[in-house]
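Engineer: One-letter residues, chain by chain:
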Amino acid sequence: MSKRLSINHLSVKFTRGDEQIHAVTDVSFDIAPGEIIGLVGESGCGKSVTTKAILRLLDGGNAQVQGQVLLEDEDLLALPEKKMRHVRGKRIALIPQNPLSSLNPVLTIGDQVAEPLIEHFGMSKKEAWKKAREALTKVGFPQGDAYLKRYANEFSGGLRQRIAIAMAIISEPDLLIADEPTTALDVTIQAQILNLLRRIVRETNTSLLLITHDLAVVSEMCDKIGVMYAGQIVEWGEKRKVLREPKHPYTEALIAAIPDKRTEAGFMTIPGQPPKLTEIPNMCHFADRCAYAEEACRRSAIAYSLDEEGRGVRCLKPLSRSS
Amino acid sequence: MYTMMLNKLLRAVLIIFLISIVIFFAVRMAPGDPVMTVLGAIGNNPEKVELLRNQMGLNDPLFVQYFRWIGGVLRGDFGVSMISGKPVLEIIMSRIGASIELIIAAILIGLVIAVPIGIIASTRPGKLLDKICTTISILGMSTPVFLIGLLMITLFAVQWQWLPASGYVAWSEDAGMHVKLLIMPATALGIFEAAVFFRFVRNGMLDVMREPFMETARAKGLSPFAIFVKHGFRNTLLTFMTVLGLEIGILVSGTVIVEQVFSWTGIGWLVLNSVSTRDYTLLQGTVLFVSAAVVIINLLLNLLYAFLDPRVKTHGGRG
Amino acid sequence: MRSGLQLQRTRRRWRLNRIGGGVLVWISFVIIALYLLMALFPTWFYAYDPFAIDALSPLQAPSFKHIFGTDEYGRDIYSRIVDGARDTIFIGLGSAILAMIIGVPLGLIAGYSRGKADSVISLIVDGTLSFPSMLLAILVVSAWKPSAITLIVVIALVNFPRFTMIVRGNVLSLREREYVMAARLSGLSNSRIMFAEILPNCVTPIIVQASLLVGNAIVIETGLSYLGLGLQPPDPSWGGMLTSAQSYIYIAPWYSAAPGLAILLAVFAVNILGDYLSDKMDVRRRME
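Here the protein sequences line up with chains A, B and C, keeping their order.
Following this note's numbering, the numbering of the first sequence begins with 8 at its first residue and continues without gaps.
Following this note's numbering, the numbering of the second sequence begins with 3 at its first residue and continues without gaps.
Following this note's numbering, the numbering of the third sequence begins with 102 at its first residue and continues without gaps.
Keep in mind that the hints were calculated from the coordinates and are not lab data.
The beta-carbon is built from N, C-alpha and C at its ideal position, and this holds for glycine as well.
Careful: at least some of the hints might be erroneous.
Unchecked claim - Restraint ranges, calculated between C-beta atoms of paired labels, are given here:
#1 B:G78 x A:K132: 45 to 51 Å
#2 C:A283 x A:K132: 55 to 61 Å
#3 C:L224 x B:T241: 38 to 44 Å
#4 B:I102 x A:F128: 56 to 62 Å
#5 C:S274 x B:T241: 17 to 23 Å
#6 A:K89 x B:G128: 55 to 61 Å
Working from the sequences, and respecting the hints, build out all of it.
Structural biologist: In structure tokens:
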């Protein structure tokens, strides 16, 4: 299978004073061209940090990143910053989380959308603005360019997210990363934005890494799912298989936590808290909250195993349910 | 937006009115009314003094005199100097150019020093360079301008004799000398301002840096220059204008002193000169003129800000 | 327990991380203490009688005999600096206290009552803040004759709005808090709520502002006395000494060093202290 992006054993730790926080531990996965991957998990599980590590936006801070991030067999983590700069916004583009605060309030829309072309392709301003107009039309803006000279705060949240998407797709990147692209929006607008993203992926064969805490969004959008817990990927695989036959107890619990309208039964909550990641627990990260945990689960760190079908799980006793 | 502008205009007018009251009564209510004292000292003939007082309307109640004064000011008549007999406005106009020149030069010098250093310090907050700059800025703000001025005279005029110590020569008379004489007062004032500007740029940039749109800019792969200057500093620059408005008052205060230190014969020098010659009509007129100018500049900067900042434009009408 | 410990640790680290490792703050404390002692007990510090004229040794350069040299009348500059500390320090402190007495209640009233009182007070605050303070000071002092009282009043008048502004802002945010609401619902009188419930919560910003204003007052006072509008000779004033120094700048360029340094150290120490206090307050606010 061809790979576009391949992440191997990615780990990120932050140093805060005398303390270290292991935000991401040993994360590996691949993304194929035209594929939509959903990365799910509760807040603080390391999904956003993973995306920032891919884009190397953690540089210069107090973060240490280890592992490999291969984009078409080129290790991004080993690139000099100058070259990396031309990966961001050109080959990998980010659709930010909160469209209300992610656009610069004092620059015009046209200026911001056209910027990647001027920066990475050396286009003239005129040419870039023409492309910006096209990109905005692609994300659903009407023809014409009156809005190019307007400012972000003159648009609603949904329109701003469309602007942010136009800004990301304008340079036709190989990979789009969307970090909770719809959490700040109304439900009806959420659906529109997701449809738009799906359409873009279909039309351009770009890959999409979708970060979300919402399993419903994932089940609607994605080809594959990665479930993250406490800095690790605990389960990976085809969407349908993961949702129907979860192998990791955490995935099972997550699915059980979705309120079910048909049965109107109260949804389950997962008792307890994720571990503090000031050190990597030398045991299963989920053991303390797991209903199936055994003595062995607490004895040592759990290895991540990937089968031939591309199904990955990090559990000593994977669930096997055939119903 | 227009109601807000109107509101601001109204406030500015009210403030100028309040200032005029303070200026007038602060002098005239002083023990032994200095205006009367000065008048008494001019003529030693009591009858002549009495005649003069009647002529100048100084025997009317104070508030009548106030309204006569402010009424004249509104018509552009600031009265005549008690010493030279020339119209106050004419004297002010002959001096104001030198002061405006000095202030603009000082602001430019302040910006040239503070903006690059402020941006650089803000890229690595808490690091050595940042700490050094911050400490120097506190030192700069703690140094009264006359100290900076004296130090400069000691070094550049006395010790190394690069520049003339003080004085003023009109541009038309000797342009080279004019610039030479401007360098030190403008720099003294500019260094003081740079300390204030630096803090503002640094802290403003640090605030902006935390904004999510700055991460968007980084994720777009922009060069550090574009990130900090185009995306970051533009935001800081807007709020900077309101700071500049507040700084104008402080700058004028500094100018008064700097002009004295370097005998730069602008408005500040005029104020102090009228103090030493006890020319109270000139003093009151000049102080009112300068204060009103400061309030008006402030107002203009505020309006310009409202006009330039897209956020104010759309929300201002409601707020 | 754990978070308490963490909090303590971050605070301690933060302190060590301060500009110049906190050493500057300690130096500032020492400088301020020295100045206060000079102001209260000048005789402890005198090397000579600060008024003793020695016609035979005018304008002597610094030496072991006169560490900062002598002035144009042969008086010991160091001793005159010590003597001048009293006026500058007391005017600085006095004007800050008076500004506080005027500014804080106005801020309380403006923030608490809002409405008409607030708009009038805000207008006065805005007006005073945009007014070039030096001009007002020059105008008033020249009309009213310079004396310690005039200087204290004038400096307090140009500075009180800073207190008003800060207190008003704090009150506006505090008055919506639950405990203030509760006090109001339980029928406490407005003035009681203001002074018993709200004021104590504004103490830290007031103290920070006060320390900064002492510095500002010293700048204005020395500036006025440099312009000849401060306390009159023969009483030594730091600003006045600088004026004399400027007249002899070609003969005795070192003359301005001592008064200049005296002013600079005073303002710098007070500002460092203010900076330290406001950072400390900031940290506490963040911790909450």
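Engineer: Check each numbered hint from earlier against the structure, then list the numbers of those it violates in ascending order.
Structural biologist: Numbers 3, 4, 6, in rising order.
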